[in-house]
Each structure stands twice: as C-alpha cells, then as structure tokens.
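Q: Just need the whole structure built from these sequences, with the hints factored in.
Residue numbers (UniProt numbering): 1 to 196.
Derived by calculation from the structure, the hints in this document are not laboratory data. Ideal Cβ positions, reconstructed from N, Cα and C, are used throughout, including at glycine. You may find that some hints are simply not true.
[Claimed, not checked] Each pair of labels, with its calculated beta carbon distance range:
1. D49 / P138: 35 to 45 Å
2. V162 / T22: 28 to 38 Å
3. F53 / P82: 10 to 20 Å
4. S111 / D137: 15 to 25 Å
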Amino acid sequence: MTPTVSTTVDGMTDPDETYDPTRHPDLLRWLGERQGAHGRWAEQTSHADVLDFTPASLGVLDGLVRETAHSMEEITARRMTPFVQGAIWYVGEVFCRHQAMAWKYIPDIVSGELEPFFGAAGETSALDHPCVGVPDDPESYLYPLNMLRRILLTEDEVGDPVEETLLSIFANPFDEDFDEDDEDDDEELDPVDGRG
Numbered sequence: 001m002t003p004t005v006s007t008t009v010d011g012m013t014d015p016d017e018t019y020d021p022t023r024h025p026d027l028l029r030w031l032g033e034r035q036g037a038h039g040r041w042a043e044q045t046s047h048a049d050v051l052d053f054t055p056a057s058l059g060v061l062d063g064l065v066r067e068t069a070h071s072m073e074e075i076t077a078r079r080m081t082p083f084v085q086g087a088i089w090y091v092g093e094v095f096c097r098h099q100a101m102a103w104k105y106i107p108d109i110v111s112g113e114l115e116p117f118f119g120a121a122g123e124t125s126a127l128d129h130p131c132v133g134v135p136d137d138p139e140s141y142l143y144p145l146n147m148l149r150r151i152l153l154t155e156d157e158v159g160d161p162v163e164e165t166l167l168s169i170f171a172n173p174f175d176e177d178f179d180e181d182d183e184d185d186d187e188e189l190d191p192v193d194g195r196g
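A: Structural data, given as structure tokens:
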C-alpha cells in the first residue's frame with residue numbers, strides 16, 4: 001500500500017495516520033537506484049573486493065570518506081555526488097543488515113512534516129534524509145549522511161578533541177549518553193549528534 005501524504009505550499013508533506021516510513025515512494029525509488037548503482041560505485045572506489053557489507057568494511061569506507069572530504073561542510077555540499085550517495089546507502093545497508101534496522105523516511109521532528117527527499121530544492125538540514133532505525137520504534141533513528149559528517153569532526157562544541165569513526169558509531173549506534181527526554185522541546189537537535 002502506498003502511503004498517503006498531503007503536499008503543503010512549501011513542498012513539504014504531512015503524513016497521514018496510515019503513513020509507513022519504510023514504504024515512501026521516494027525512499028523506495030532511491031533505495032532501488034542505489035542498489036542498482038552499487039557495483040559500479042564499489043569498483044570506482046578501488047576497494048570493491050572488501051566493500052562486502054560487513055561491519056569491518058566500514059573502516060575502509062571511513063578512510064575513503066576522509067580522503068574525499070576534510071570537513072562536515074564538504075560532505076554536506078557533496079551529498080548529491082555519486083560517491084557520497086553511494087556511501088550513504090552503504091553505511092545504512094550495513095546498519096540494516098547487522099543491527100536489525102530498516103530504512104525510513106520520517107517526518108521532521110519539529111514540524112511533523114516530510115521534508116523534500118534529500119533537499120530537492122538544494123537546501124538541507126544537518127540530518128537530511130533518509131535514515132535507518134529499529135523498524136517498530138519511531139524514536140530510534142540514525143542518519144547515514146550525518147554519520148559521514150560526524151567522522152570528519154575534530155572537536156566538539158567546547159573545543160575538546162573528538163575522534164569518531166564509522167566503526168565506533170556502529171559499535172554504539174544509540175549512544176547511552178544521549179537521551180531524547182533530556183532535550184528541551186524548543187531546542188533543535190545538535191546537528192553533530194545526528195540522533196533523533
């Protein structure tokens with residue numbers, strides 16, 4: 001069944017009560033495109049033999065991302081390039097296959113609306129779409145794009161050094177130090193954290 005959404009004036013959509021975040025047509029189309037392009041993407045990285053969807057292969061991808069971009073802003077600016085799109089899909093697939101997660105296209109946590117998929121108008125939030133999360137838990141989700149951004153962060157908001165990797169995120173995807181209930185309802189999520 002195709003989810004029902006209503007389009008608003010600004011291009012965002014409001015999901016109705018039957019909305020299934022794992023079945024949105026834009027998400028399904030993107031997943032099909034990425035799966036179809038994966039072989040060529042992996043070959044272009046020169047590491048096709050080790051990009052085998054195992055958690056250990058995230059270390060290889062981590063290195064490739066660091067060779068490609070040097071800041072969170074660079075990854076954000078390049079998010080529509082074939083390399084970054086392939087990396088987003090690959091990271092999400094590893095989490096889905098080994099952490100019992102599913103791909104989701106969820107409403108914005110503040111507005112409750114579905115933002116344009118991958119910011120079709122060129123703008124993006126720090127989190128962007130799509131995300132992966134526990135299938136029946138609307139409170140658990142991670143954004144692969146933001147995972148790629150986070151590994152390029154060298155210091156936190158108070159200047160302390162940070163050294164995060166795709167493997168460290170995989171090992172502890174829902175950091176026990178992060179508690180959504182501690183977030184003030186009027187505050188936006190920290191774009192560095194990337195957790196919902």
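Q: Does each hint hold? Answer for all of them.
A: Structure-based check of all given hints:
{"no.": "1", "hint": "D49 / P138: 35 to 45 Å", "verdict": "holds, 38 Å"}
{"no.": "2", "hint": "V162 / T22: 28 to 38 Å", "verdict": "holds, 32 Å"}
{"no.": "3", "hint": "F53 / P82: 10 to 20 Å", "verdict": "holds, 19 Å"}
{"no.": "4", "hint": "S111 / D137: 15 to 25 Å", "verdict": "holds, 21 Å"}
The earlier numbered hints are all upheld by this structure, with none contradicted.
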